[in-house]
Amino acid sequence: MLAAALYSGFLLSPRIERSRIEAGGAPSALAEGDPRRAAFGRLHAVSALLQLVPVAGGLALLFRELKD
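Everything in the sequence shown is counted per the working numbering, starting at 1 for the first residue and increasing by one.
It should be emphasised that the hints constitute simulated quantities derived from the structure, not laboratory data. Each residue gets a CB set at the ideal place from its N, CA and C atoms; glycine is no exception. Hints are not guaranteed to be accurate.
Claimed, not checked - Across the chosen pairs, the derived CB separations fall in these ranges: (1) 48 <-> 25: 16 to 22 angstroms; (2) 15 <-> 65: 31 to 37 angstroms; (3) 41 <-> 67: 38 to 44 angstroms; (4) 25 <-> 63: 38 to 44 angstroms; (5) 2 <-> 36: 28 to 34 angstroms.
Model the full assembly from the supplied sequences, consistent with the hints where possible.
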């Protein structure tokens, strides 16, 4: 869980911000086929998946503790 949070915060977030700046604002304003929009979408998807790691880990720990 810690590794996912560190990767997301220190490596992925700056890349997402750079991608947003390169897009010149909101990536959703770019054309569907624009590679900058696709790159932002991929980074955003990875970020969303990484945010699920602590949630899943926390739920697993919660259920484990409830069994005891």
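Do the hints match the structure? See the list:
{"no.": "1", "hint": "48 <-> 25: 16 to 22 angstroms", "result": "21 angstroms, holds"}
{"no.": "2", "hint": "15 <-> 65: 31 to 37 angstroms", "result": "36 angstroms, holds"}
{"no.": "3", "hint": "41 <-> 67: 38 to 44 angstroms", "result": "39 angstroms, holds"}
{"no.": "4", "hint": "25 <-> 63: 38 to 44 angstroms", "result": "43 angstroms, holds"}
{"no.": "5", "hint": "2 <-> 36: 28 to 34 angstroms", "result": "31 angstroms, holds"}
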